[in-house]
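> Residues per chain, in single letters:
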Amino acid sequence: MTYPSKSRQVRIEFVALLAACALFLSTVEYLIPKPVPFMRIGLANLPLIIGLGLLKEKEYMLLALLKVLGQGLVTGTIFSYIVLFSIAGTIASTTLMYIVYRFFNRWVSLIGVSIAGAMASNIAQLLLSRYLLFGAAARLIAPPFLVVGLISSILLGIFAQQFVQKSQWYNSLQEGPL
Amino acid sequence: MKRIRLGDIIIFLLSLVIIVASLGSYGSLSGKPEVRVQAEGREWIYDLSVDTIASFQGPVGATSIEIQDGKVHVLDSDCRNKVCIAAGWISASGQWIICLPNNVFIRIEGTTQPKPGGVDDISF
Amino acid sequence: MKVANIRLVMGLVALPAILLQKSFIGIIIQATYVILLATSHGRRFKIIPNLILLFSVSSAHLLQPHGLHLFSIGRFPITAGALTLGAHKACTLIALLYLSHYMVTARPQFPGKLGKLISMQFYYFERITTTWQTITPKRPVIKAIDQVLLNVSGSSLESPPHPSKQAAREDHLVKDLISNGVHLVILWGLFLLGSLAILPVI
Numbered sequence: 001m002t003y004p005s006k007s008r009q010v011r012i013e014f015v016a017l018l019a020a021c022a023l024f025l026s027t028v029e030y031l032i033p034k035p036v037p038f039m040r041i042g043l044a045n046l047p048l049i050i051g052l053g054l055l056k057e058k059e060y061m062l063l064a065l066l067k068v069l070g071q072g073l074v075t076g077t078i079f080s081y082i083v084l085f086s087i088a089g090t091i092a093s094t095t096l097m098y099i100v101y102r103f104f105n106r107w108v109s110l111i112g113v114s115i116a117g118a119m120a121s122n123i124a125q126l127l128l129s130r131y132l133l134f135g136a137a138a139r140l141i142a143p144p145f146l147v148v149g150l151i152s153s154i155l156l157g158i159f160a161q162q163f164v165q166k167s168q169w170y171n172s173l174q175e176g177p178l
Numbered sequence: 001m002k003r004i005r006l007g008d009i010i011i012f013l014l015s016l017v018i019i020v021a022s023l024g025s026y027g028s029l030s031g032k033p034e035v036r037v038q039a040e041g042r043e044w045i046y047d048l049s050v051d052t053i054a055s056f057q058g059p060v061g062a063t064s065i066e067i068q069d070g071k072v073h074v075l076d077s078d079c080r081n082k083v084c085i086a087a088g089w090i091s092a093s094g095q096w097i098i099c100l101p102n103n104v105f106i107r108i109e110g111t112t113q114p115k116p117g118g119v120d121d122i123s124f
Numbered sequence: 001m002k003v004a005n006i007r008l009v010m011g012l013v014a015l016p017a018i019l020l021q022k023s024f025i026g027i028i029i030q031a032t033y034v035i036l037l038a039t040s041h042g043r044r045f046k047i048i049p050n051l052i053l054l055f056s057v058s059s060a061h062l063l064q065p066h067g068l069h070l071f072s073i074g075r076f077p078i079t080a081g082a083l084t085l086g087a088h089k090a091c092t093l094i095a096l097l098y099l100s101h102y103m104v105t106a107r108p109q110f111p112g113k114l115g116k117l118i119s120m121q122f123y124y125f126e127r128i129t130t131t132w133q134t135i136t137p138k139r140p141v142i143k144a145i146d147q148v149l150l151n152v153s154g155s156s157l158e159s160p161p162h163p164s165k166q167a168a169r170e171d172h173l174v175k176d177l178i179s180n181g182v183h184l185v186i187l188w189g190l191f192l193l194g195s196l197a198i199l200p201v202i
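Chains as they are written, first to last, in the numbering used here: chain A, 1 to 178; chain B, 1 to 124; chain C, 1 to 202.
Calculated from the structure, these hints are not laboratory results.
All C-beta atoms in this analysis are idealised placements derived from N, C-alpha and C, irrespective of residue type, glycine included.
A portion of the hints provided could be inaccurate.
[Claimed, not checked] Computed cross-link-like contacts, DSSO-like style, restricted to lysine-lysine with a CA-CA straight-line distance of at most 27 Å:
| no. | chain 1 | residue 1 | chain 2 | residue 2 |
| --- | --- | --- | --- | --- |
| 1 | C | K143 | A | K166 |
| 2 | C | K113 | A | K58 |
| 3 | B | K71 | B | K82 |
| 4 | A | K166 | C | K138 |
| 5 | B | K32 | B | K71 |
| 6 | A | K58 | C | K116 |
| 7 | C | K113 | A | K56 |
[Said to hold, decoys possible] Footprint (simulated), chain A over chain C, 3 or more residues, beta carbon under 8 Å:
| no. | segment |
| --- | --- |
| 8 | 7–19 |
| 9 | 101–107 |
| 10 | 117–128 |
| 11 | 136–147 |
This is chain A alone, in the form it adopts within the complex (with noise of 0.2 Å):
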């Protein structure tokens, strides 16, 4: 697939390679027994991450949209309350982490808009979570999610960086900046 060739299909099609990727993530990360449900480790936010660099801000976009439909047709969570963390986690983080990266590339490595990212998801689960689960109580969760969040996020963000520089895929597409 010749990538820098502007042809409007082909960019659409690789949207979906990523979306894919996150569906593919999000499956294995559904599959990893947890002791805790609510604590999440985000494998599905790497293609995220991953695809600051290579796609433009409507396609980025699309590429978050696809996520959590995907996510939520796939774990039948579509139509639940479930999905709206999704959303609202997903809306936060890619937001964040767009204007991160757009704004303060030379400052911020993946591993910072790792982090970025997983804050502002987490803590707008968090809230959500405050007024349509909990209740006040959700506070008390807060601290460990956040540190959970905190810490895998540093992981994801290293793992990234890593991937963005080894990866002979990634290294072929390279178009420059966004």
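Once you've looked at the hints, dock chains B and C against the given chain A.
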């Protein structure tokens, strides 16, 4: 680690600050003011900060209370003298209202701001 | 209307009946009904995660005492009202969950460009999954990922990425319309019973 940049450190520290701030939520669990009502040989508990209306049965009929804006009072009662209703609103820890004929006892517990000028404001 | 879309629409229409249910017994019946619906169409009901959900949401609500004081753990009061409220919310969530499981059982086709995109996404998803399973050296990870990605994206040039559509089973259409109509009547009926306080709230 390869190429950690300044921005990463800043974002990381900001995140730590947010986490530490969220730890503050652990303080406010104990001692929240609650309204405890004893009637029918059992006890009911309500959060003083949540507006509610509740009703209890007794020997002479029903007595109902209303919690509103962090205060509680007897809304209505089937007793003859209605002294409990006349007692008005209470909002501080330790204050109580009682409907003697109907055997309903209402009391505020937990930590609240202490009110100046006495604990009971039941008037006869 | 295809079978898949009927279920989709039915679920959407049933949504308020579950969300606005006032009665605790009502939501339990609704949830049970929906769970049976989903499991009879192939979805699995895993008891443990749902129990964990029920437990955690209920206990979170215990922190705001309400209603009859049943007993205390040390100084911590367990109140019936708070338990019911929490359990009610958890049941609502579970009902919604299995309702949406049911809604997607027949693989609804989303209309328009977005629908095509999603189909493309799922197409690539299956290609990624199968390719990942067949490549042998899975370490180093990045090289393995590269292999999968190059493989998957390379092949897209030749074949137009449109998955073969399942043949619409038109013959079951009427039966499905009727059964979904029945589901709607039952769920909304339960809602009405709950609203009219015929079913107890607590």
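> State for each hint whether it applies.
Hints versus structure:
A C-alpha spacing of about 8 Å is found between K143/C and K166/A, which places the hinted pair at or below 27 Å, so the restraint holds. Between the alpha carbons of K113/C and K58/A the distance comes to roughly 15 Å, so the proposed pair stays at or under 27 Å and holds. Proposed proximity of K71/B and K82/B is supported: the alpha carbons are some 19 Å apart, at most 27 Å. Restraint check for K166/A and K138/C: satisfied, since their Cα atoms lie roughly 16 Å apart, inside the 27 Å limit.
Taken as a hint, the K32/B and K71/B pair is honoured in the structure, with Cα atoms around 14 Å apart against an allowance of 27 Å. The suggested pairing of K58/A with K116/C holds, with an alpha-carbon distance near 17 Å, which does not exceed 27 Å. In summary, the hint linking K113/C to K56/A is supported, as the alpha carbons are separated by about 19 Å, within the 27 Å threshold. Coverage of a stretch by a chain is defined here by at least three residues with a beta carbon nearer than 8 Å to that chain's beta carbons; for the segment 7–19 of chain C and chain A the count is 3, and the condition holds.
Given a C-beta distance limit of less than 8 Å, the hint that chain A covers the segment 101–107 of chain C holds, as 3 residues qualify and 3 suffice. Coverage of a stretch by a chain is defined here by at least three residues with a beta carbon nearer than 8 Å to that chain's beta carbons; for the segment 117–128 of chain C and chain A the count is 10, and the condition holds. Residue count for the segment 136–147 of chain C with a Cβ under 8 Å from a Cβ of chain A: 3. That meets the three needed, and the coverage hint holds.
Hint compliance for this structure: every hint is met.
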